[in-house]
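Student: Residue numbers (this note's numbering), protein chains in the order written: chain A, 1 to 548; chain B, 1 to 187.
If you are wondering where the hints come from, they were derived from the structure by calculation, not from laboratory data. Treat each hint with caution, since some may be false.
[Unchecked claim] For the chain A half of the interface with chain B, some residues (derived, Cβ under 7 Å), not all of them: (1) G58; (2) A119; (3) I186; (4) A197; (5) L203; (6) A221; (7) V225; (8) G249; (9) P252; (10) V253; (11) M254; (12) I258; (13) S502.
For glycine and all other residues, C-beta sits at the position ideal for the given N, C-alpha and C.
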Amino acid sequence: MSTIASDGTDLGHDTHDAHDDHDHKPEGFLDRWVFTTNHKDIGTLYLVFALLMFFIGGAMAMVIRAELFMPGMQLVRPDFFNQMTTMHALIMVFGAVMPAWVGFANWMIPLQVGAPDMALPRMNNFSFWILPFAFTMLLSTLFMDSGGPAAGWTLYPPLSLQTGSSFAFVVFAVHMMGISSIMGAINIIATIFNMRAPGMTLLRMPLFVWTWLITAFLLIAAMPVLAGAVTMLLTDHFFGTSFFNAAGGGDPVMFQHIFWFFGHPEVYIMILPAFGVVSEILPTFSRKPLFGYAAMVYATASIAFLSFIVWAHHMFTVGMPLEGELFFMYATMLIAVPTGVKVFNWVSTMWKGSMTFETPMLFAIGFVVLFTIGGLSGLMLAITAADLQYHDTYFVVAHFHYVLVPGAVFTLMAGAYYWLPKWTGNMYSERWGKIHFWCSAIFVNVLFFPQHYLGLAGMPRRIPDYSPQFADFNMWSSIGGFAFGASQLIFVGVIIHCVWFSKKKATAQVWEGAKGLEWTVPSPAPHHTFTKPPVVDDTMVAHADEAH
Amino acid sequence: MSEQNPTAPKRGHGRLVGKLLVVAVAMFGFGVFAMPPLYDTFCEITGLGQAGIKTAGEVEESAAPRQVKVRFDANTNSKLDWEFRPVQSSMMVTTGEATTALYFAGNPSERDSAGMATFNVSPPKAARYFVKTECFCFTRQELAAGEEREMPVYFFLQPDLPEDIEELTLSYTFFRNEDDDVAQNAP
Ligand code: HEM
Ligand SMILES: [Cu+2]
Numbered sequence: 001m002s003t004i005a006s007d008g009t010d011l012g013h014d015t016h017d018a019h020d021d022h023d024h025k026p027e028g029f030l031d032r033w034v035f036t037t038n039h040k041d042i043g044t045l046y047l048v049f050a051l052l053m054f055f056i057g058g059a060m061a062m063v064i065r066a067e068l069f070m071p072g073m074q075l076v077r078p079d080f081f082n083q084m085t086t087m088h089a090l091i092m093v094f095g096a097v098m099p100a101w102v103g104f105a106n107w108m109i110p111l112q113v114g115a116p117d118m119a120l121p122r123m124n125n126f127s128f129w130i131l132p133f134a135f136t137m138l139l140s141t142l143f144m145d146s147g148g149p150a151a152g153w154t155l156y157p158p159l160s161l162q163t164g165s166s167f168a169f170v171v172f173a174v175h176m177m178g179i180s181s182i183m184g185a186i187n188i189i190a191t192i193f194n195m196r197a198p199g200m201t202l203l204r205m206p207l208f209v210w211t212w213l214i215t216a217f218l219l220i221a222a223m224p225v226l227a228g229a230v231t232m233l234l235t236d237h238f239f240g241t242s243f244f245n246a247a248g249g250g251d252p253v254m255f256q257h258i259f260w261f262f263g264h265p266e267v268y269i270m271i272l273p274a275f276g277v278v279s280e281i282l283p284t285f286s287r288k289p290l291f292g293y294a295a296m297v298y299a300t301a302s303i304a305f306l307s308f309i310v311w312a313h314h315m316f317t318v319g320m321p322l323e324g325e326l327f328f329m330y331a332t333m334l335i336a337v338p339t340g341v342k343v344f345n346w347v348s349t350m351w352k353g354s355m356t357f358e359t360p361m362l363f364a365i366g367f368v369v370l371f372t373i374g375g376l377s378g379l380m381l382a383i384t385a386a387d388l389q390y391h392d393t394y395f396v397v398a399h400f401h402y403v404l405v406p407g408a409v410f411t412l413m414a415g416a417y418y419w420l421p422k423w424t425g426n427m428y429s430e431r432w433g434k435i436h437f438w439c440s441a442i443f444v445n446v447l448f449f450p451q452h453y454l455g456l457a458g459m460p461r462r463i464p465d466y467s468p469q470f471a472d473f474n475m476w477s478s479i480g481g482f483a484f485g486a487s488q489l490i491f492v493g494v495i496i497h498c499v500w501f502s503k504k505k506a507t508a509q510v511w512e513g514a515k516g517l518e519w520t521v522p523s524p525a526p527h528h529t530f531t532k533p534p535v536v537d538d539t540m541v542a543h544a545d546e547a548h
Numbered sequence: 001m002s003e004q005n006p007t008a009p010k011r012g013h014g015r016l017v018g019k020l021l022v023v024a025v026a027m028f029g030f031g032v033f034a035m036p037p038l039y040d041t042f043c044e045i046t047g048l049g050q051a052g053i054k055t056a057g058e059v060e061e062s063a064a065p066r067q068v069k070v071r072f073d074a075n076t077n078s079k080l081d082w083e084f085r086p087v088q089s090s091m092m093v094t095t096g097e098a099t100t101a102l103y104f105a106g107n108p109s110e111r112d113s114a115g116m117a118t119f120n121v122s123p124p125k126a127a128r129y130f131v132k133t134e135c136f137c138f139t140r141q142e143l144a145a146g147e148e149r150e151m152p153v154y155f156f157l158q159p160d161l162p163e164d165i166e167e168l169t170l171s172y173t174f175f176r177n178e179d180d181d182v183a184q185n186a187p
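So that you can see chain B by itself, here it is in the shape it has in the complex (with noise of 0.2 Å):
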């Protein structure tokens, strides 16, 4: 690799471009091969990145199951005259296992109307460890004029749940879905 100039000085030029090329292969290598793992190992290591979502096979492998206790809360805005309230107002549930709540809705009113639930969780650092797999509150709820029905929340909450969170609520408020409603949609 040495082409010596001529006129150069008697020192050749091999080993210094030699280190060099080792260098620039080197970091070839470090973006294609060592940054990926790195990158991961990293987020791991320092718990970077790392949001409170765990998959199943992790949920199960971790923290002994204990019992927490948690409180259904139902609010209506003024705006939507629905009748929504909690079937149970507290169960004990189980760390770690797929449990089912019910809530009931009714529309007494003489129209048909259409609702979206929102959800809210307290305290709010438990909120990442609740885990809801299905909810009506994943979608709009149409009620017809009299209509009543059993509306079914399924969750778990994630057994690394912080030790000092013994008691949580969930806390539902539906609103009128106004834009849509099942009477201007009606043809």
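Same shape as in the complex, but just chain A (with noise of 0.2 Å):
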């Protein structure tokens, strides 16, 4: 395939260097950067910055770990202790995990559907500027008087209302984060809905294009109302209201439900991607269509609807009801169910196919099983009589770390590894890529699975110090931890590699098996694409053998 021309640009690129122009490319690094409004460009931007933030995450993850080696304290103030697991989780999900799947939909989602750019692309650079600022605002909190935040990620309520003065700084990064992604949403939706290329209905989209869909409605739904929640927030704390204060007439735990009502989606935003590109990438190594494409769709609409209906299965200690209670473990545990049809599709997927294992492949069944492990703890946790055991625990840590890494970071590694040739026009150091997978598979399991046992044993979370009874455990937790966070600088060396060393050029194709849209344009991608539209037919697309 790929005799499609998709604009006539220079197919006969011969430049290794990204920053090389035969397409029309501004000069200059503020035209080109700062200014810019090119689809690519601003994807680019974005999956850089997540990066960075993913290794500042990193470094005070690192902190956390190396506290937490042995029993007692050695290295930190408890203080800056729980600013450290606060900053860690803000950073990780909304500097890290979040712009970089707004990255991903910037560079593919314009390439998947045949569009040549993004529907609104001076708001998108946009939405992209805002973060840095954000981040600069929540991050200088650390170096201020009253000290970063320190009352967990979730922010509850009293406890973050004792966060001094700087918590202004906090409340309105989280809104600018918060106005960056619903932008991002409306730009994706807008391009999904209006500028799909002739012949691309919505069934013949990418899986990648679908969850993102689903993934941009979940945060326009979700952002505002913790946009909502940290606002009482800010006015309990610096304009004497009570929205949240019991003496004043308020409800602390009303601040739980509005969170939670925000925050379960919230996972789902991190993950929903996640499972679009763990469907791109199967089908590919396999050389088989994705099993049961429309089932993929309609499970992926069932999960973004059940997680509006789930979020007190973060409270169950809090004193609901029991009627309350049941409700929300069983319509927890239904979550299961389209999660398990998803689950099973990717084995269906992989089954009797001739399946290859180049890295993206190889991150993409860690997933599979990893992040299934993560379910089942999660299932686990929606028990409600043993959640009452688990809450707060380093079993519910485990369960989150399963889903949210070699769930959502191992995704994003995949993406990066499948897309890269398609973005530098070169091909990455394979060998190298392997090394990064089986390191991090290996040690994620020796920095996360010990936590199991520390939770059921009893450990609470988000504390520095612990009995001595969890010490050969949390010890070993440190070491994988310190062994993922060193795997992930090979990461950063293979990118470097493919951007300017590589000496292997990509073909159009890049993947012996792979189909779609991104396939048909030219290695690197050049920077105009699809100016005239593509047409489209069942015979482009990765799913084409299924009837639909």
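Take the two lone chains, each set in its own frame, and fit them into one complex as the hints suggest.
Tutor: Structural data, given as structure tokens:
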């Protein structure tokens, strides 16, 4: 395939300098990067920003694991430890994972639906450039007299209201991230609804586009609720209102309801695009169409719907009435059904395929296996009676890190390796990619698996010191943590090599089994693609064999 | 709001963007203005989360008062050599009306001692309608050697006490307050 000439740009592009310009890229750093409205450049900005945040948040995790290496207080003051856990989570969630997915969306959605750019390119620029300001503001609180936020990323009052005046910076940083996400989401929906190439019907869209479309709706519905919650915290803190202050007639538990009404959809915001990426990669390297395409779309939509009615599974211990506990328990367990459909479809996609194990495929398979472990511990937590025991222990920490690290982060890696040749025009080093994968896969388990046992034995989360009975598992976890952190430096090496030093040129299709519009444009993807819309038919889409 | 990509399809994005913005603003309002009252109303309508305890105002307004027989029972744990019995073995109580009942406690032994009473209401489903406003069982009781005393309990029955409950029993058991008996505490 790959004969559809997209826009006649130089197929014989023979330089490996990514900044080299044969296709009307703006001259000069400011015009190229700061004022850019090009979806590919903005995508790159998002991805670089997310990687930077990944390492800043990662450095905080290293502080946490170093303090927890041994029982007793060794390195940091308890208050600083709490700032580290809080900031680590805020940075990873809002600074690393979410912007990384928006970066992928910017790069890939126009390429995958055959659009020349995002629908609202100038708003796109604005969405990105808010973020560096938001995170500078958030990080600056660490250097203020009153210190950074230390009440956990969930910002529960009354504890969060004890943050000093730096709290205002935290709240405004969250507002800015929210505005950025909402604008990004609107842009993505408008692009998908209005700018698909002729023939790209909804049920021909690649799953990455589908999962992002649904994610964008989750963002629009959930982020404003978070903005509302932190605004009320702000007025409680500085303007004497009592939304969450029991002494003034407010209700602190109300905050938890509002926060988790946002919070649970938020975890799906981080994982649905991951489902999409895996659904792209497994068919390519199994050389088979995705099994159950339509089921995948409907499963994603049901997960999105259910994610709005399960929030109180984070609050089983607040003293809800029995009926409430039961409702949220069953609703939560219901999510396992569409999630199970997805896992079975991924396995069936690989079944009897002619599989090869390039780095993206390794990360995708690692995702399927390890994410499922996280899903299972989630189900255990969903059992109300059991959660009373596990809540706020390391078991919960193990659960959400299994779904977020080998879940969301592994798929980000998988997607990066998968599309890197398309972005840069060069092949990355397969050898180092595989080393990166195996180090990550081994150490992520050394890091997080022992935390299950710690939690079951009763070790609480968010504490800088612990009873000596927990010592050995914590030491293993810390060793795994340092090794996992170090392994991620390999990734940076692979990217630098691929962008500037790799001598191996990528073909347009890159992967033998790859299907879809993005593989019809040359590698690297020219600055402007699909200025003349391609015409799409069934032979070009990854799930061509499926009748729909 | 509609900035057209020069190469985009000739359709404006304004309407779609407008609608999506309205959704975002509405969700903000939902979180701030709608969720708290909705939450309260939901609990009120369904009765979820409403423990059986009412404020005084609510108590007076509800169901008509009626007479219920309350029996009194007293027990002493074998480790505590006190005499402990109700002054009245039963009485008729009007629902919603504050009532006082008396118990008699004496320490016939040679040494000072302290006890703590636990209580029990049966049938169990009557328990949440039985409200003690003040009771000797709320605190530790001390009796010097040979001392005798009447111990009052102030209570009322909530007017919405289920119709089928016509009789109920309040039972106490006094236990020795092991670790800090008066004798040990004395310097
Ligand atoms: C089968 C699917 C899942 C189920 C049944 C489930 C269930 C739960 C439950 C019951 C809790 C609360 C535990 C407690 O605090 O006591 C929890 C916490 C959490 N889950 Fe999941 N979960 C699932 C999937 C996911 C996914 C896909 C993600 C993210 C990608 C995720 C991220 C989290 C996070 C971040 C927390 C902790 C939040 C906090 O307290 O800071 N979960 N999960
Ligand atoms: Cu949840």
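Student: A separate judgement is required for each hint: does it hold in the structure or not?
Tutor: Cross-check of the supplied hints:
1. For G58 of chain A, the shortest C-beta to C-beta distance to chain B is roughly 31 Å, which exceeds 7 Å, and the interface hint is violated.
2. Annotation: interface hint on A119 of chain A holds; nearest CB of chain B at approximately 5 Å, less than 7 Å.
3. Interface hint status for I186 of chain A: upheld, as the beta-carbon distance to the closest one in chain B is roughly 5 Å, under 7 Å.
4. With a cut of 7 Å, the hint placing A197 of chain A at the interface with chain B is violated, because the nearest CB-to-CB distance is about 9 Å.
5. A least Cβ separation of about 20 Å between L203 of chain A and chain B goes past the 7 Å threshold, and the interface hint is therefore violated.
6. Interface hint status for A221 of chain A: upheld, as the beta-carbon distance to the closest one in chain B is roughly 5 Å, under 7 Å.
7. Below 7 Å, beta-carbon pairs count as interface contacts, and V225 of chain A has one with chain B at about 4 Å; its hint therefore holds.
8. Taken as an interface hint, G249 of chain A does not check out: its beta carbon lies about 11 Å from the nearest beta carbon of chain B, beyond 7 Å.
9. Because the beta carbon of P252 of chain A sits about 12 Å from the nearest beta carbon in chain B, more than 7 Å, this interface hint is broken.
10. For V253 of chain A, the suggested interface contact is broken, since its CB lies about 9 Å from the closest CB of chain B, more than 7 Å.
11. Evaluation of the M254 of chain A hint against chain B yields a held restraint, the C-beta minimum of about 6 Å falling below 7 Å.
12. Taking 7 Å as the C-beta cut-off, the interface hint given for I258 of chain A holds, the closest approach to chain B being about 5 Å.
13. This hint is violated: S502 of chain A has a C-beta 31 Å from the nearest C-beta of chain B, more than the 7 Å allowed.
The structure shown violates the earlier hints numbered 1, 4, 5, 8, 9, 10, 13.
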